[in-house]
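Colleague: Spelled out, the chains give:
Protein chains: 2
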Amino acid sequence: MHYKAEIDIMPLKALLDPQGKAVSASMNNLGLPEVTEVRIGKHITLNVEAGSKVDASAKVDEACKKLLANEIMESYEFELTEA
Amino acid sequence: MHYKAEIDIMPLKALLDPQGKAVSASMNNLGLPEVTEVRIGKHITLNVEAGSKVDASAKVDEACKKLLANEIMESYEFELTEA
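Same order as they appear, the protein sequences are chains B and X. Position 11 of the first sequence, counted from 1, bears residue number 11 in my numbering, the numbering being contiguous throughout. Position 56 of the second sequence, counted from 1, bears residue number 56 in my numbering, the numbering being contiguous throughout.
Mixed in with the good hints, there may be bad ones.
No copy labels: a pair is met if it fits in one copy or bridges any two.
The list that follows gives simulated cross-link-like pairs (lysine to any residue, SDA-like), each with its CA atoms no further than 25 Å apart [claimed, not checked]: (1) Lys66 x Leu30; (2) Lys13 x Val54; (3) Lys53 x Leu16; (4) Lys66 x Glu82; (5) Lys66 x Thr81; (6) Lys65 x Ala83; (7) Lys42 x Gln19; (8) Lys65 x His43; (9) Lys13 x Phe78.
Quick caveat, the hints were computed from the structure, so don't treat them as lab data. All values reported here derive from a predicted model rather than from experimental measurement.
Work out the full structure: start from the sequences and follow the hints.
Modeller: Right, here's the structure in full:
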């Protein structure tokens, strides 16, 4: 079966997010001081072919660990839907 | 009131996503040929201070248009939750 995964990868809360900090500062300059605490990560969508949702979940988890996320600096979460 | 926004910014479907293509190819080499159609975008979280959800939504939309997303190459969507 085909599954579609939506993965969010974010910098760990304990770490500085320099890109997010820069954007937060820019919001002020753009006249949007109401916007704060910007954090920037990655959003990844992919298709996975697997026999079951459990199997698909294991494969996406492996893809995250091996390639997509750097677990020293980032955390990830994902949702699977049948496509 | 405080609202939290979760924004997803993805390359437009009509455009090539070279980073996603590279990752799709790497999945094969990593022993995960079941993973295909990888597309990579940005996931942004931020806080926004606004009088109402409609007002908060307008501010996040403005932030996306002015700074976060490049609408020539990217589409965005977001969800707001009261924080």
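Colleague: All the hints need checking, so say for each whether the structure fits it.
Modeller: Hints, one by one, checked against the model:
1. Lys66 x Leu30: between (39 Å within a copy, 8 Å between copies)
2. Lys13 x Val54: neither (28 Å within a copy, 28 Å between copies)
3. Lys53 x Leu16: Classified as neither; 35 Å inside a copy, 29 Å across copies.
4. Lys66 x Glu82: Result: close within a single copy only, 23 Å intra versus 35 Å inter.
5. Lys66 x Thr81: Result: close within a single copy only, 22 Å intra versus 32 Å inter.
6. Lys65 x Ala83: within (23 Å within a copy, 30 Å between copies)
7. Lys42 x Gln19: both (12 Å within a copy, 12 Å between copies)
8. Lys65 x His43: Cα proximity of Lys65 and His43: in one copy and across copies (15 Å, 18 Å).
9. Lys13 x Phe78: both (18 Å within a copy, 21 Å between copies)
In summary, the structure is inconsistent with hints 2 and 3 from the numbered list given earlier, while agreeing with the others.
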